[in-house]
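Student: The residues making up each chain are set out below.
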Amino acid sequence: MRPLEGVRVLALERAIAGPYGSMVLADLGAEVIKVEPPQTGDLSRLFVGPNHKGESFYYMAFNRGKKSLALDINTKMGKELFYDLVKISDVVWDNFSAGTMERIGADFDTLSRINLGIICCSISGYGQTGPYRDRISFDVVAEAISGAMSITGEPGRPPVRYGAPIADEMGGLFGAIGVLAALAQRERIGKGTRIDISLLDGQISSLAYHLLYYFCSGIACGPQRSGHLSLIPYGAYETKKGYLAIGPCWPRICRVLGVEEIIDAPRFESGESRIEHREELDSILQQAFMKEKAEDWLEVLYAERIGAGPVNTLDKAAADPQVLARNMVVEMEHPLGGKIRHVGNPVKMPEIGEEFSPPPTLGQDSEEILVGLMGCSAEKIKQLRQEEEQRAEELLASLRRAQ
Amino acid sequence: MKGPLSGIRVLDVSRAIAGPYGSMILADLGAEVIKIEPPRWGERARHIPGPNHKGESYYFLAFNRNKKSVTLNLATELGREAFYDLVRISDVVWDNFRPRVMERLGADYDTLKEINPGIICCSVTGFGSSGPYRDRPSFDLVAQAISGVMSITGEPGGPPLRSGPPVADLVGGMFGVHGVLAALYQRTFTGKGQRVETSLLDGQVSNLTYQMSYYLCGGEVPGPMGSGHLSLVPYGAYKAKEGYLVMGVGWPRVARVLGIEEIIDDHRFESGESRLEHKEELDSLVQQAFLKEKAEDWLAVLEVEDIPCGPVNAIDKAISDPQIIHNNMIVSVKHPLGGEVRMVGNPIKMPQSIEEEFTAPPTLGQHDHEILVELLGYSEERIERLREEEERRAEKLLASLQKRA
Chain F
0 MRPLEGVRVL ALERAIAGPY GSMVLADLGA EVIKVEPPQT GDLSRLFVGP
50 NHKGESFYYM AFNRGKKSLA LDINTKMGKE LFYDLVKISD VVWDNFSAGT
100 MERIGADFDT LSRINLGIIC CSISGYGQTG PYRDRISFDV VAEAISGAMS
150 ITGEPGRPPV RYGAPIADEM GGLFGAIGVL AALAQRERIG KGTRIDISLL
200 DGQISSLAYH LLYYFCSGIA CGPQRSGHLS LIPYGAYETK KGYLAIGPCW
250 PRICRVLGVE EIIDAPRFES GESRIEHREE LDSILQQAFM KEKAEDWLEV
300 LYAERIGAGP VNTLDKAAAD PQVLARNMVV EMEHPLGGKI RHVGNPVKMP
350 EIGEEFSPPP TLGQDSEEIL VGLMGCSAEK IKQLRQEEEQ RAEELLASLR
400 RAQ
Chain A
0 MKGPLSGIRV LDVSRAIAGP YGSMILADLG AEVIKIEPPR WGERARHIPG
50 PNHKGESYYF LAFNRNKKSV TLNLATELGR EAFYDLVRIS DVVWDNFRPR
100 VMERLGADYD TLKEINPGII CCSVTGFGSS GPYRDRPSFD LVAQAISGVM
150 SITGEPGGPP LRSGPPVADL VGGMFGVHGV LAALYQRTFT GKGQRVETSL
200 LDGQVSNLTY QMSYYLCGGE VPGPMGSGHL SLVPYGAYKA KEGYLVMGVG
250 WPRVARVLGI EEIIDDHRFE SGESRLEHKE ELDSLVQQAF LKEKAEDWLA
300 VLEVEDIPCG PVNAIDKAIS DPQIIHNNMI VSVKHPLGGE VRMVGNPIKM
350 PQSIEEEFTA PPTLGQHDHE ILVELLGYSE ERIERLREEE ERRAEKLLAS
400 LQKRA
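One line per chain: the protein sequences are F and A, in this order.
Counting from 1, position 91 in the first sequence corresponds to residue 90 in numbering that gives the first Met the number 0; the numbering is continuous, with no gaps.
Counting from 1, position 130 in the second sequence corresponds to residue 129 in numbering that gives the first Met the number 0; the numbering is continuous, with no gaps.
Honestly, I wouldn't trust all of these hints.
DSS-like cross-link-like pairs, simulated, lysine-lysine; straight-line CA separation at most 30 Å [claimed, not checked]:
id: 1; chain 1: A; residue 1: 278; chain 2: F; residue 2: 315
id: 2; chain 1: A; residue 1: 53; chain 2: F; residue 2: 190
id: 3; chain 1: A; residue 1: 293; chain 2: A; residue 2: 240
Hints listed in this document are in silico derivations from the structure and should not be mistaken for laboratory results.
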């Protein structure tokens with residue numbers, strides 16, 4: 000049995016931060032019901048780019064293992080049904096801008112009156128309080144404001160961001176941690192709690208040692224290329240063919256590279272002195288690495304038990320034997336036909352097997368939830384859909400007027 | 000310590016970043032984290048060169064607040080006994096050694112569950128406890144490289160770059176925390192602990208999410224994108240007359256803000272698909288327009304228009320940002336060796352459950368007495384024998400090292 004079996008999460012989420020975090024909860028066994036606007040669904044369904052039978056790659060990436068309920072909680076009946084769901088759920092999870100959940104009557108104070116045990120987790124750009132709370136944010140903005148972007152890239156070049164949407168992802172991961180801690184606490188005290196996560200806070204947390212460097216020295220470091228503030232050798236080096244990455248391996252690396260004469264050079268003898276002569280040491284190593292191909296160097300580095308690896312492109316990574324051995328690329332049947340491949344779950348609990356189900360199509364589980372779980376009659380569902388239809392038309396009409 | 004995990008005791012034998020960052024999250028949530036360090040040297044992060052506070056390295060300070068430090072050598076008989084006594088009264092054993100080190104130390108799950116069936120053992124490794132790379136050494140950069148994340152970080156044609164923050168380590172620690180908390184929750188129903196593991200490589204592959212999905216769905220391999228986005232344009236960092244700013248997802252409003260509204264009706268830019276197709280042209284028009292004013296002036300207008308945006312702050316700028324200060328993300332604590340240390344705060348805000356109180360990263364063995372005498376009830380005599388045994392072992396090791404050298 001998976002650890003969160005029996006835990007029900009109502010996810011009012013879109014894009015990345017929310018969906019990534021609730022996917023972690025789903026992987027751990029929670030029943031995650033994605034409550035989506037009936038007309039469009041999660042906006043990431045509409046992303047341009049590759050897709051599987053019309054389901055966008057973007058949506059697919061973050062929504063495995065969930066159920067989809069199409070429900071407009073802004074209609075009267077929709078909200079009633081949502082409150083009924085809250086009564087039998089454990090977690091309400093959102094990544095709207097601050098204040099939205101209050102506006103739609105789905106904030107912690109309202110919901111805890113309906114269910115004392117409910118845990119509400121909100122992931123926003125800046126947090127529920129503070130001077131920026133009403134501003135719009137997303138991944139790259141959090142990376143920029145936090146300073147994380149200022150240490151990523153090359154000196155003198157424009158700022159770059161980390162390839163993966165790390166601010167969104169860490170926001171989702173911290174949210175999942177908060178929910179898990181609140182679940183553990185609820186077993187003790189019987190009450191739910193509110194959790195307030197921001198992308199900006201997560202990015203500041205990720206700067207832990209760079210900020211301590213600054214606090215202890217007054218020096219704000221700049222872009223780090225692929226190197227390290229306090230360790231050398233460390234980084235990506237170019238070879239005759241391809242790049243490779245190595246970590247702390249002094250002085251063994253000199254023997255591997257055939258430059259052992261520099262081991263006893265006084266300017267390289269201690270960690271401090273190597274950092275002082277970083278450029279010179281790096282250029283000696285870089286020159287030596289140019290003599291052979293990356294794959295040939297790596298064989299020797301592995302034999303020497305030096306931490307190293309190729310700089311893989313994504314196709315290489317998806318076929319890497321260790322990635323496959325760890326079940327980090329998984330394949331599953333898709334409800335619209337065919338198979339999809341997906342990224343696996345990094346939390347391994349060997350006593351428990353791994354099961355994955357594909358990202359749901361829009362409203363795929365509406366009937367199971369409305370009829371099976373909530374006991375709604377066919378008549379009631381018809382009314383609900385009519386009310387949603389009306390509201391959608393009213394909204395459309397008012398949009399047309401505004402133009 | 001208050002917080003949702005109060006009453007939970009974690010024995011932390013981890014070092015460097017991945018382990019200590021994860022156990023610091025547990026400590027921030029109220030768990031009692033006892034850091035078990037080798038006598039004399041302590042954890043290796045204490046010895047990273049660079050700035051320090053009264054001799055405590057910046058690297059160690061960054062990942063060890065809210066913990067206790069006790070010195071014990073698990074390779075000595077009395078040290079291991081003391082460790083087992085601690086396991087009896089603890090909930091979690093947390094490590095980031097390579098696979099099989101914990102077995103060699105007699106501290107693996109199968110051994111420890113005999114002592115305490117409720118114990119949860121979490122290992123954060125480089126590659127996992129199985130598979131062809133299991134025994135290879137790894138660390139942050141190697142996981143970023145092998146996973147493919149480095150191949151999409153940087154500028155097209157430029158060298159591969161890594162994320163400034165040590166993301167593979169951090170995310171590895173976070174997934175370990177997910178496993179531990181899920182196992183704690185499950186234990187309230189089953190009464191039993193379990194083994195949890197995660198690896199830096201697995202965490203990085205997980206972070207690839209949509210880029211990996213782009214490849215798995217379409218077969219096309221994404222490359223480095225600078226500060227841009229696979230599916231959105233305009234998006235990223237743009238240079239202003241003074242400074243850089245980031246913005247995105249504001250079409251067509253941003254064209255009006257920039258005074259280039261004539262391009263809104265240009266058929267090349269009319270849909271998401273067509274803008275993506277003409278990314279270079281659009282990006283260069285937007286970039287040119289941004290050069291006309293300073294970053295701070297643009298940001299004032301973009302904010303009024305509700306377009307997501309921000310300055311690209313250097314880290315000394317970031318810490319004086321009013322929102323970062325408001326969120327208590329920079330905290331200052333008294334250090335036992337004197338003075339105050341500033342560090343980053345806890346991003347998990349639970350207003351009803353967590354009072355944000357922080358204690359300084361401990362000095363080596365700061366809590367020896369509290370743990371060994373007050374918690375375990377050891378006599379002074381027993382502790383003396385323990386230290387003697389450690390001393391003898393250290394000398395033997397030193398002698399054998401000298402012989403080899």
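Student: A separate judgement is required for each hint: does it hold in the structure or not?
Tutor: Hints and how they fare:
{"no.": "1", "hint": "A:278 to F:315", "verdict": "holds (27 Å)"}
{"no.": "2", "hint": "A:53 to F:190", "verdict": "violated (43 Å)"}
{"no.": "3", "hint": "A:293 to A:240", "verdict": "holds (5 Å)"}
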